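**Student:** Okay, here's what each chain looks like letter by letter:
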Amino acid sequence: MNIFEEEQYRQAELNTRRQFLRKCISGMGGIALGSLMGSALTSCGSDSTSSGLVRSSDNPMGALPSHFLPKAKRVIYLHMAGAPSQLELFDYKPELQKLDGLDCPPSLLEGKRFAFIKGTPKMLGPQFNFAQHGQSGAWMSDRLPHLSGCVDDMTFLKAMHTNEFNHAPAQLLLQTGSARLGKPSMGSWVTYGLGSENQNLPGFMVLVSGGKTPSAGKSIWGSGFLPTVYQGVQCRSKGDPVLYLSDPKGMSKALREQSIQAINKLNQKQFEEIGDPEIMTRISQYEMAFKMQTSVPETMDIKDEPEYIHKMYGTQPGQSSFANNCLLARRLAEKGVRFIQLYHWGWDAHGAAKSEAINHGFKERCHEVDQPIAALLKDLKQRGLLDDTLVVWGGEFGRTPMRENRGGKEMKFVGRDHHLEAFTTWMAGGGIKPGMTYGETDEIGYYGIKDRVHVHDLQATILHQLGLNHEKLTYHFQGRDFRLTDVHGEVVKKIIA
Amino acid sequence: MRKTVYLLLIFQLITIPILYAQGVGAAAEETSDLWLFIGRFHPLIVHLPIGFIMLAFLMEVMARWPKFKHLEQSVSFVLTLGILSSVGAAVFGYLLSLSGEYQGSTLDWHLWLGLSTLGFAIIALVLKVKQANTAYFTFLSASVICLTLTGHLGGNLTHGSDYLVRYMPNSLRAMTGMPPKPESKRKPITNLEEAIVFDDLIKPITDNSCESCHNAEKTKGNLRLDTKEGFLKGGENGPSLVPGQAAHSELIKRVKLPKDHEDVMPPEGKKPLTKEEIALLEWWINNDASFDKKIAEVEVPDDIKEILDALVNPQQSSLSPLYAMEIKPASKDEVETLKDMGFSVSPISAESPFIQVSYLISGQPLNEESIKALKKVAKQTTWLNLGKAALADGQKFTFLKDFNHLTQLHLEKTAITDEEVKNLVQMEFLEYLNLYNTAITDKSVEPLTALKRLRKIYLWETQVSEDGKSSLQKAIPELAIIADGLPQNFDVPLDSLNDSTVIAAK
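Which chain is which? The protein sequence lines are A and B, in order.
Position one of the first sequence corresponds to residue 1 (UniProt numbering), numbered consecutively onward.
Position one of the second sequence corresponds to residue 1 (UniProt numbering), numbered consecutively onward.
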């Protein structure tokens, strides 16, 4: 039976007397169940949720107005997975240099938990030279020579802190607001709240480089309890940009279109019968997949960029690299994609191996990201996109001012352990005051001592720039309203232009 | 009458153990605590006599109609309850007044009027039993009048004397012969340097958040914050502030306690002070808590400066005046038609009738139909993104002349010509204009100079010359012109990377 016959059969099946009776009964059951489940199923039917958003189920990605006037229309989030050392990049601590090689005083260790540090570690001074740059005089190490030319467009949050000292939970906390699995990611919340400007591309796209998926796995761009249409779509910069996007062998584009239409018709009937929003998600994903067959390869093909752009970013078409992803991020921003999430793995510089030592692997990571990020900022600025695109850079936590001594022994390479009390995140564009440094850490960069910003505050601020009130962007699930920042989060008003 | 005796007995049974407990010789402090504890039930039980006596009066009035004749028989019962609960309220009220938190003539009036209520009610009951109907009703009415006045004064004691009429509309005030509403308490500061720290910054905060419980009539914790002396004198927990040492001042300690702490001020349920208000208080105390220094005479750190600036210019927003304009929102049909044509349309925010429209579907030129649909929402559109959009044969960008409410306009990578740029001159609200990679020349500069609100323009990869740019800059000094291409020699020499020294390589 081919797919057309199947459609006819299913259609006929839907119109028998038996079917009619079944519908009556299951319909009643459905109504009862729906009310019992407290709208876990029905809340995306065609509803006005408590967030004040009116989402029609047949257009889950349609652009919606924000709560208030937005400064940014989209976000490019450059997540440095593995957590880069703030002490080697932005948070310059000359005092720490003087303590280099001395035993860490017990007062810093009491009651603390570290991922690897055992016994008494030694203090470790900054490993690279620092200098002030730009009119704002921001400190930056010599590892980021290109980016140091952009400091007047950037705003540094020097006293970020988090609750989790292991990668996976910390990444989840940063990206989903909760250290446990199952919550929607920031990009999902944003696309749920605002939809997308471009109906031919997913509203939330994810680009991964560094050879490894972040520790928390793909759930950090998952949609949690939101309809799955809001989950991030991962694109690859090598091979097929999206897996299984091209037509299967022997299937023409016309046939593919017809079959998708047929499947969607069946699904539509099923939806009318049951009302499960996941069916709508499935329908829109089929449609999206079909549209993406042309829109994605066209967007993801960077070959048509002029030579000077490639030189500026350091891109090589066909490669899988952070540079390529940065260029893609700009292209996606131009196309109106709402949330563009980049992950670059490899920053976990413990010093346990050469690849993860501050004086080796870390240096390479810096080299990999420095030029592309600087190029991205300059390119966005040049095209008039930085005005309404918020760029966020950061890891999931920071690194200790102590040298890691895994197992209590001095290690062959230089590295630092995970640290949740202090790290640096920076933002640019999207209505953030440029050229500003907010927050301060103590003399050795161990604690934030002024204007600390928790990851929930960062999330609240990002939503704020998009015109969303993080306390109002909620979704009713399992009997209560959930939000990205849970019950926390305060917008960092002082960095807003 | 027997019933009355029983009820009195019950009341005694409740109060005697308490009085006894005092007699047994608990420590003096303990006792006064106990009285205060009981006294604090006063606001609770006062509502009983209010209810009962009012009800008795109402029943008496209603009983004049034949339909409610039967109510007459119950009036004595209700009135008796009213009297008994009045006794309770009076006793509890007296105990509460012992705390010293409430003082002044209002309290005296409250006391005597309350006792009058009780007295008149007792006389009324006696007259009722004696069937002296006219006199009875007179005394009942007198009791109700006293009750009303007592209740009002009680409310003034608890909430502050202007509580009831604070938000009375001016029209009503005029009718009742009251002076018009006082101007908002924090009178706008015009000259920051000349403003007096205490009078213009601190007093408004304490008037708003402290004064209602710490004044002459109601003096919680024996502390008055309505006068300068009150601040210095402090209350039962010692001085409220230590000039020069905010961190050691009780006032600051209390307002900074966690929200759910027992001793936090303002207490639970009242609006807490904002971070800015606390910062101002600390700053004032750290500067010797002076009552007459001007802002110019004290040191103003950066964070205080920011707060002050925000106070002086509360509406210092950079928002376009356009957004405050009221217009008719676009109709649903108009929006749906646009969406069907491939436009993305949504309000710029949930509160605004203005919309943002973008056309991001590449390869689909704008034809007559889609331009017609777009023109229908010309007045509502304020952000328009036509970047990279192609026009179908015979179409021109002249349709833009209707869009005089635009604040942002993307026309980069389009075929717009100098002739068509002239259609932008009416866009008096335009702030952002993107024209990079177009064929416009210096001929476009003259019409663009009319856009006085323009703050950003993208002109790279156009034919606009240096002279053109500088005359545009001269016409609109605040304008940022992004006209240079990207740096072609972006590379940092590689050896500068290799050379950089590793300070502490071990």
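No wet-lab data here; the hints were simulated from the structure.
As the structure is a prediction and not an experimental result, all values here were calculated from the model.
Some hints could be false.
Claimed, not checked - Simulated crosslink set (SDA-like; lysine to any residue; CA at most 25 Å straight-line): (1) B/Lys-256 - A/Glu-471; (2) A/Lys-71 - B/Pro-272; (3) A/Lys-291 - B/Ala-483; (4) A/Lys-450 - B/Gln-245; (5) A/Lys-493 - B/Asp-302; (6) A/Lys-378 - B/Gln-463; (7) A/Lys-472 - B/Lys-275; (8) B/Lys-271 - A/Glu-471; (9) A/Lys-493 - B/Pro-272; (10) B/Lys-339 - A/Gly-62; (11) A/Lys-433 - B/Ala-483.
Claimed, not checked - Covered by chain B, per the in silico footprint, the following chain A stretches (three or more residues, Cβ under 8 Å): (12) 103-115; (13) 198-211; (14) 383-390.
For every residue, glycine included, the Cβ atom is placed at its ideal position computed from N, Cα and C.
**Student:** Among the hints numbered above, which are violated by the structure, and what are their numbers in rising order?
**Tutor:** 2, 3 and 12
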